[in-house]
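Q: Top line first, the protein sequences correspond to chains A and B. Residue numbers are given in full-length UniProt numbering: position 318 of the first sequence equals residue 318, and the series is strictly consecutive. Residue numbers are given in full-length UniProt numbering: position 157 of the second sequence equals residue 157, and the series is strictly consecutive.
Certain hints may be false.
The list treats identical chains as one, so a pair stands whether inside a single copy or across any two.
Once the Cα atoms are required to be at most 30 angstroms apart in a straight line, the calculated BS3-like pairs of lysine-lysine come out as [said to hold, decoys possible]:
1. 300 <-> 256
2. 200 <-> 234
3. 223 <-> 200
4. 200 <-> 300
5. 144 <-> 234
6. 234 <-> 291
7. 341 <-> 291
8. 269 <-> 291
Hints in this document: simulated from the structure, not taken from any laboratory.
Protein chains: 2
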Amino acid sequence: MAICGAHTTTSLHSPCTTVSNTGCFQQKQVIFFTSNRRSGRRHGGARTFFQVSCSVEKPVIIGLAADSGCGKSTFMRRLTSVFGGAAEPPKGGNPDSNTLISDTTTVICLDDYHSLDRNGRKEKGVTALDPRANNFDLMYEQVKAIKEGLTSLLDPPEVIRPPKIFVIEGLHPMFDERVRDLLDFSIYLDISDDVKFAWKIQRDMAERGHSLESIKASIEARKPDFDAFIDPQKQYADAVIEVLPTQLIPDDNEGKVLRVKLIMKEGVKNFNPVYLFDEGSSITWVPCGRKLTCSYPGIKFAYGPDTYYGHEVSVLEMDGQFDRLDELIYVESHLSNLSTKFYGEVTQQMLKHADFPGSNNGTGLFQTIIGLKIRDLYEQIVAERAGAPAEAAKV
Amino acid sequence: MAICGAHTTTSLHSPCTTVSNTGCFQQKQVIFFTSNRRSGRRHGGARTFFQVSCSVEKPVIIGLAADSGCGKSTFMRRLTSVFGGAAEPPKGGNPDSNTLISDTTTVICLDDYHSLDRNGRKEKGVTALDPRANNFDLMYEQVKAIKEGLTSLLDPPEVIRPPKIFVIEGLHPMFDERVRDLLDFSIYLDISDDVKFAWKIQRDMAERGHSLESIKASIEARKPDFDAFIDPQKQYADAVIEVLPTQLIPDDNEGKVLRVKLIMKEGVKNFNPVYLFDEGSSITWVPCGRKLTCSYPGIKFAYGPDTYYGHEVSVLEMDGQFDRLDELIYVESHLSNLSTKFYGEVTQQMLKHADFPGSNNGTGLFQTIIGLKIRDLYEQIVAERAGAPAEAAKV
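Excised from the complex, chain A in its bound form (with noise of 0.2 angstroms):
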């Protein structure tokens, strides 16, 4: 289960313009809540007030889901980087979250929406990645207030303006159909059962001292409920991040190095798919060679144009790591559609993160990626709102 809470900062000062009889005065407010999990405290429900936002910018709603443990922190951390603030653990929040903010964007994790609590759900026998163990009305109720713009407060009280970016992470943000109609994107963190467990033993064997057995049946156990509920949230997804054992090292199942799957929907609006070398043909391409020397087991790339769940997407794929910066630089040349603002940005965001896990490899750059189309997302919605009064003046 995912640890993480609500937050976002205040610097957001949007001008104030009328957008009701009543002015901008007339309040609503939404209270958002956290977890503690040093003290144990979990809410099982929320109150809910509402108050009238003074703002035009509406924030641009984003869904990210995956199950624990398989980045989302990381990744909320590169997208955050993108878009220029610092990246900085929430001020009063939980000190072991994994949600991190910065000035433009807050990160919410649907965990707060857990309907039932641990005791709750013991004894009624669902777990939380059961829809019955989560509260999808006051989800999609509270998503909505915040894409119409309206403030909201945290518990313990903290006045969310509207962000510019509004995450929801966690196991269910495309479930409810609802839900999933407020998101202007959605992504699947899609780590494969394979590397799953090769994470796992890593962390909870080697670094919580948990056995091998129990961690395979904490797995198994969870399985039926992940793929009944959590996995096919996947087809909604406007992209994918799809993570699987390498194929450069023969039987591998260490899970370091990693093969990585970038599935971006066609026809998506404001989302123009990355490709490389020749958008919509079939490419596998080894940079090493004569211009670039890499280590073993090497890097090879592959694009080109796929279905996924009966839609048209694009999969971009990393297998290998790199090792050093001009590997990236060279990469990063012979891809199109990066939403780069300068050449290389794309590696200097990555070496900004060089100690972030996935940096030398196709999480790091993919998440990278994502956090970059994010960004023009979002600055073709604003441009949008912002030519669409005036198109309607001329009228």
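Given the structure of chain A, go ahead and fit chain B onto it with the hints provided.
A: Leaving out everything else, chain B in the frame of chain A:
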């Protein structure tokens, strides 16, 4: 055995310059001799008379090695066409000749250097593939004379003024080290046994009524000498065009859909290998996709560095065949270092000779590309020669 002759045109009138104290009127002659299949006449030797050249324009010498029935004449038509002259059958030559000529290019067939005729070979028990049936001393002397810019006579007497491009084609252009060293560029046309067999069946069985057994027997009979004397020459070639069965159709042995490799030696003076997308890395490319629709079995390209007989090479491979023009221009637009003079020149050349065998596959494409590379090589050599005296004058 190839049926061919020595031919040239007389349209090149080079400026007369003094190359010796005796001026440019002292003359020697080289007698070339042609085979004439219809009359059954074949020479067993040659009279040689030298004629001092009055030209500073010495020909660029190209060697093309290939077995008979491997498409050399089509290759020569494509090559001469790239140089802009009209390709036509040799005047006064053997009307059955495989050789074509243009304003700028002379092609001679090395069958003319057989030191033993059919009867002589039968007596001594050697094949035409055997070096003992070929007069390499004479080949060397005459090619050397041509390289030095000496004019020569054909038999029946016809003045050969040094052409721009002088091609020696046949079974042994790279066999003799002295002859090999005279070559400015060398090409080996390497038809795999499977394809050769399929082609022979098509030609000798379907068109000439031979039995399958006799075709198999004739291939088997040639094979030991071919492997001993012809095949080893490919290690010396600057470019090898290798023709293999397709891998796009499982277990295909029809020899209709071909996989063709263009193996280009690195570090050859005035020859800069063609590449796909990214020089020096390894790439596969299926252009058929969203932008380009191809019929079964499609088209697949591959490119990358490799080693070939211990030499560093770049290999460009095409499997499959073109349906339409837009596929070719699409492919051309993604190839670099083509040495074209304008965008689309490869496609234009291919269209010009759409009726030639192999125009819809890698044989035609790579022959055309090699033609362009030879034009480029020729122009670089001419520019060097023009620059060299000027440089000398400075000192």
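Q: Compare the structure with each hint and give your call.
A: These are the hints, each one checked on the structure:
1. Taking CA atoms no more than 30 angstroms apart as the test, residue 300 paired with residue 256 passes inside one copy only; the shortest distance there is 16 angstroms, against 32 angstroms between copies.
2. For the homomeric pair residue 200 and residue 234, the shortest alpha-carbon distance inside one copy (22 angstroms) is at most 30 angstroms, but the shortest distance between copies (55 angstroms) is not.
3. Proximity of residue 223 and residue 200 under a CA criterion of 30 angstroms is satisfied intra-copy only: 14 angstroms inside one chain copy versus 61 angstroms between copies.
4. Proximity of residue 200 and residue 300 under a CA criterion of 30 angstroms is satisfied intra-copy only: 26 angstroms inside one chain copy versus 41 angstroms between copies.
5. Only within a single protomer do residue 144 and residue 234 lie at most 30 angstroms apart by alpha-carbon distance; the minimum there is 22 angstroms, versus 71 angstroms between protomers.
6. In this assembly of identical chains, the alpha carbons of residue 234 and residue 291 lie at most 30 angstroms apart only when taken from different copies (27 angstroms versus 38 angstroms within one copy).
7. In this assembly of identical chains, residue 341 and residue 291 lie within 30 angstroms of each other by CA distance both inside one copy and across copies; the values are 26 angstroms within and 27 angstroms between.
8. When the C-alpha separation of residue 269 and residue 291 is checked against a cutoff of 30 angstroms, the pair qualifies only between copies, where the shortest distance is 20 angstroms, while the shortest distance within a copy is 38 angstroms.
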